[in-house]
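Number of protein chains: 2
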Amino acid sequence: MKQLNIGLFGFGCVGQGLYFALQHSTGFRANIKKIVVKHPHKKRIVDSDLIAYDKYEILDNPEIDVVVELIDNAEEAFEIVKMAMERGKHVVTANKKMLAMNLEELISLQKKNQLSLLYEASACGSIPIIRTLEEYFDNEDLLQLYGIFNGTTNYILTKTIDEGLDYQTALKGAQQEGFAESDPTNDVEGFDPKYKAVILCLHAFGLIIHPDKVLNLGISSLSENDIQFASEKSLKIKLLPVIRKIDDHQITAYVIPHFINNNNNLFKVDREFNGVIVEGEFSGQQFFQGKGAGSHPTGSAVLSDISALSYDYKYSFKKFEQNGHKKFTQKVLLDIYLRLNSKSELEQIIFEEIHSQYYSQDYNYVIGKISLEQLFRSQAYLREQKLFCAVIE
Amino acid sequence: MKQLNIGLFGFGCVGQGLYFALQHSTGFRANIKKIVVKHPHKKRIVDSDLIAYDKYEILDNPEIDVVVELIDNAEEAFEIVKMAMERGKHVVTANKKMLAMNLEELISLQKKNQLSLLYEASACGSIPIIRTLEEYFDNEDLLQLYGIFNGTTNYILTKTIDEGLDYQTALKGAQQEGFAESDPTNDVEGFDPKYKAVILCLHAFGLIIHPDKVLNLGISSLSENDIQFASEKSLKIKLLPVIRKIDDHQITAYVIPHFINNNNNLFKVDREFNGVIVEGEFSGQQFFQGKGAGSHPTGSAVLSDISALSYDYKYSFKKFEQNGHKKFTQKVLLDIYLRLNSKSELEQIIFEEIHSQYYSQDYNYVIGKISLEQLFRSQAYLREQKLFCAVIE
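First to last, the sequence lines map onto chains A and B. To get the numbering used here, take the position in the first sequence, counting from 1, and add 6. To get the numbering used here, take the position in the second sequence, counting from 1, and add 6.
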């Protein structure tokens with residue numbers, strides 16, 4: 007086992023979780039040599055000698071062999087990761103947006119420089135999903151992978167259903183308790199789970215899809231009527247990223263709220279917990295549940311990557327190497343519940359089949375089949391009109 | 007990636023599942039060179055050239071570099087595994103009894119010969135639990151690991167609760183549907199889940215416990231009164247192996263039926279499914295669910311090990327190396343429900359505390375605290391008297 011010297015970028019929630027987990031690790035003592043942070047005036051829980059403000063104090067330090075990148079900004083993070091790898095340093099990161107936007111380039115950087123780039127903490131917190139896909143489902147055709155990848159929205163949705171709160175009240179509560187950021191767009195509009203889905207799609211199906219091509223419908227248009235609809239039918243609302251094999255050459259992917267029933271394993275995955283369902287051709291349906299967010303669970307995922315580095319572990323992207331001309335498609339029909347302001351909106355959003363419709367003075371909805379292509383084209387309209395759209399099982 | 011030549015021992019349910027999974031693998035084509043079976047007169051689904059009856063046709067074939075051992079008999083399996091490793095062949099096995107009884111010797115054989123011995127399929131079918139413990143929780147202190155490790159008993163217990171069947175009827179049904187063997191002792195008395203617990207204890211806590219030291223209470227004494235007790239309280243009965251950290255130097259382990267409620271993730275793990283809960287100090291509670299038995303799920307677990315071999319993967323037993331003088335203890339108190347034939351039986355089985363007692367013409371039980379040591383000493387008596395004993399949460 008190698009002794010690793012770490013340069014850490016960012017010392018927020020996850021960075022501090024990592025620091026704590028490293029100090030309490032049963033196994034090895036990797037050494038944090040330097041922590042580069044942005045704000046000089048914040049109080050820090052570590053020795054001030056460790057802290058620096060110039061990225062080159064890590065990047066140009068020949069003693070440091072591993073860069074752990076835990077900052078928010080995706081563009082800055084990408085610069086750091088590239089510079090680190092060009093200088094021969096291994097990288098561990100949790101930045102899902104940076105990864106999802108640059109997967110292709112990151113894979114070639116890793117290959118070219120013969121380095122490891124590990125990012126278990128980027129998806130589903132403490133659930134070891136990337137490692138499991140890479141190492142365990144590497145030779146089996148997967149049928150689908152879906153789940154709850156975003157703790158913030160799941161926390162909000164749990165509050166609306168369990169406590170009967172409306173969306174705005176539940177969001178405010180989540181912000182006060184530290185489960186949602188002051189600008190919650192990234193979570194509540196489904197961008198965060200989309201980035202995670204794009205990363206998992208690479209490891210599960212060997213396909214890189216640019217995030218801009220993947221539909222993400224969020225939960226910000228959720229109304230009390232939608233919540234009541236779910237409650238009356240004993241359903242729960244969960245924001246689910248779905249990646250599914252259509253045939254040997256086509257994969258679809260989307261992020262849409264779902265009404266799910268008690269038979270679904272995700273039904274009881276509440277609050278900040280994440281859950282992932284992986285269905286394999288031979289292994290059947292696997293279900294994984296764990297804490298999706300928080301300082302310690304995410305810090306321990308980062309630690310696990312650092313530990314893997316000490317054994318020279320690399321992702322081998324086997325599914326990507328074997329891809330076999332797989333393509334992304336949106337030519338699939340989904341069973342959709344759509345809450346409308348008025349019937350005329352159906353001229354903009356064309357259903358292939360309508361199964362039921364409900365109209366009243368203050369609440370209208372249509373249930374039927376609609377193509378993912380159509381939903382993708384209508385996403386701006388859906389947001390503008392604040393129409394709530396969900397898959398209904 | 008290496009091209010592997012496989013010698014396969016046993017061609018029953020799992021062997022055929024592996025054969026099928028290999029043929030349909032997306033990734034590599036490992037080559038089955040020879041299959042050694044016992045019964046010359048059975049019809050086989052493969053070319054008769056592949057079949058042999060003499061173990062040396064595999065063991066002494068220099069072309070074969072991997073032995074996959076999938077026979078029933080633990081003693082014979084151990085002989086084969088030893089001989090294979092002495093001849094420089096890597097081994098993949100699913101034989102939990104053979105493993106649990108010989109862990110210490112198997113680890114040193116592996117080290118001495120610098121070979122891989124992999125056995126993901128030995129515990130919890132398609133749930134990649136050993137690999138996850140080895141690679142992902144390798145640097146984190148675990149608090150406990152428990153779950154449903156035996157599909158047969160879970161299938162029987164599901165039938166008793168869901169369909170109101172008595173134990174004997176449910177067992178017969180399970181035998182007819184191929185979920186239980188004609189002699190079900192190994193499953194229903196809790197030996198099978200005990201062997202799995204012993205294996206997982208090594209990877210989760212770094213401690214080897216001889217199976218004979220671990221209490222296994224089964225479900226064969228389950229009566230209609232016990233089932234009714236559970237149903238009235240909306241509880242389910244699950245046979246759970248538990249491994250738990252008591253303090254930095256003490257680990258306890260046992261297999262006992264449990265009454266569990268709706269808040270436990272295992273509540274909805276029914277029929278032949280398995281579920282595992284891993285609680286880590288930092289990562290919190292993880293829950294894994296998947297098919298615990300069957301030709302394809304287990305075959306795919308074996309395939310995953312073969313695939314890992316092609317990348318020179320070995321278990322590194324990190325927790326075992328870091329063990330730090332951990333010891334097995336039975337000095338723990340458990341909350342126990344004990345159904346009695348008569349009050350006098352309490353002279354044999356001493357409760358530390360009694361919380362409630364119920365006596366009637368045809369049904370008596372006591373609930374209270376009892377030490378694991380006491381239960382271990384009383385296990386023969388419990389079996390003879392057919393007393394049903396369960397942990398109650």
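Among the hints, a few may not be true.
Pairs count within a copy or across copies, as identical chains cannot be separated in the list.
Stated by the list, open to error - Capping the alpha-carbon separation at 25 Å, the derived lysine-lysine pairs in BS3-like fashion look like this: (1) Lys-392 - Lys-251; (2) Lys-392 - Lys-39; (3) Lys-8 - Lys-320; (4) Lys-88 - Lys-375; (5) Lys-320 - Lys-117; (6) Lys-8 - Lys-118; (7) Lys-118 - Lys-349; (8) Lys-219 - Lys-48; (9) Lys-39 - Lys-337; (10) Lys-118 - Lys-251; (11) Lys-117 - Lys-8; (12) Lys-375 - Lys-118.
If you are wondering where the hints come from, they were derived from the structure by calculation, not from laboratory data.
Results for each hint:
no.	hint	result
1	Lys-392 - Lys-251	neither (31 Å within a copy, 51 Å between copies)
2	Lys-392 - Lys-39	neither (49 Å within a copy, 62 Å between copies)
3	Lys-8 - Lys-320	both (15 Å within a copy, 17 Å between copies)
4	Lys-88 - Lys-375	neither (44 Å within a copy, 59 Å between copies)
5	Lys-320 - Lys-117	both (10 Å within a copy, 24 Å between copies)
6	Lys-8 - Lys-118	both (22 Å within a copy, 22 Å between copies)
7	Lys-118 - Lys-349	neither (56 Å within a copy, 75 Å between copies)
8	Lys-219 - Lys-48	neither (39 Å within a copy, 55 Å between copies)
9	Lys-39 - Lys-337	neither (51 Å within a copy, 44 Å between copies)
10	Lys-118 - Lys-251	neither (31 Å within a copy, 45 Å between copies)
11	Lys-117 - Lys-8	both (21 Å within a copy, 19 Å between copies)
12	Lys-375 - Lys-118	neither (46 Å within a copy, 62 Å between copies)
Figure legend: structure checked against the earlier numbered hints; hints not met, in rising order: 1, 2, 4, 7, 8, 9, 10, 12.
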